[in-house]
Amino acid sequence: GNSVTQMEGPVTLSEEAFLTINCTYTATGYPSLFWYVQYPGEGLQLLLKATKADDKGSNKGFEATYRKETTSFHLEKGSVQVSDSAVYFCALSPSSGSARQLTFGSGTQLTVLP
Amino acid sequence: NAGVTQTPKFRILKIGQSMTLQCAQDMNHNYMYWYRQDPGMGLKLIYYSVGAGITDKGEVPNGYNVSRSTTEDFPLRLELAAPSQTSVYFCASSPRGEEAFFGQGTRLTVV
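Protein chains in written order, with the numbering used here: chain A, 1095 to 1208; chain B, 1059 to 1169.
Derived from the structure by calculation, the hints contain no laboratory data. The hints are all genuine.
Calculated cross-link-like contacts (lysine to aspartate or glutamate; reagent style EDC-like; alpha-carbon spacing at most 20 Å): (1) A:1162 <-> B:1156; (2) A:1171 <-> A:1109; (3) A:1146 <-> B:1156; (4) B:1102 <-> B:1156; (5) B:1067 <-> A:1136; (6) A:1143 <-> B:1156; (7) A:1154 <-> B:1157; (8) A:1146 <-> B:1157; (9) A:1143 <-> B:1157; (10) B:1102 <-> A:1102; (11) A:1150 <-> B:1157; (12) A:1150 <-> B:1156.
Stretch-level coverage of chain B by chain A, calculated; a stretch enters the list once three of its residues show a Cβ under 8 Å from a Cβ in chain A: (13) 1100–1109; (14) 1156–1165.
Glycine included, C-beta positions come from ideal geometry on N, C-alpha and C.
Starting from the given sequences, assemble the full structure and let the hints guide the process.
So this is what it looks like as structure tokens:
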């Protein structure tokens, strides 16, 4: 079956530090890949997505590149801010089938200190 | 545009009680989902629906039931609540089964 593996947290960084959160996946074909963010007390919000190999998703300074050869979709940001403190989830949606459902990683808690 | 609306936001149940978590979306999405989120465990799919009148089990359906009589509504029913059902429940919808839009969640405690 499909699965998503994220680097374990929590991750604590100082403001303006570089962020990488690793994500690898197992799936057949060419799934769509997503990063969601969850701020305290809220639901998940889509941060960025990529639907085919070598696509780069980007939003709010965050980027992730769909690497088919390494089955990875690592999240990066060049300079984090305190407001980026949240839980980040990597997810995939299969490329075919009637049961189009998201499979999530376990989430990575990010804390950014001023 | 309200998006996905869940009610209630918080609820405490006693063991053996039942309740319905409400979910409504106003985006005319075909796909709807119920997830539970346990601390440090990510999200697990309980039930999903690909359209009105069609529902199917996800990864952790035991102890829950759903119905989808309209495109807009997808209520989740808990019968005979157990402490293991203490969790945060999220409803989500999607136009094509890819990008999902989430509600704010319902925090349920069973005592």
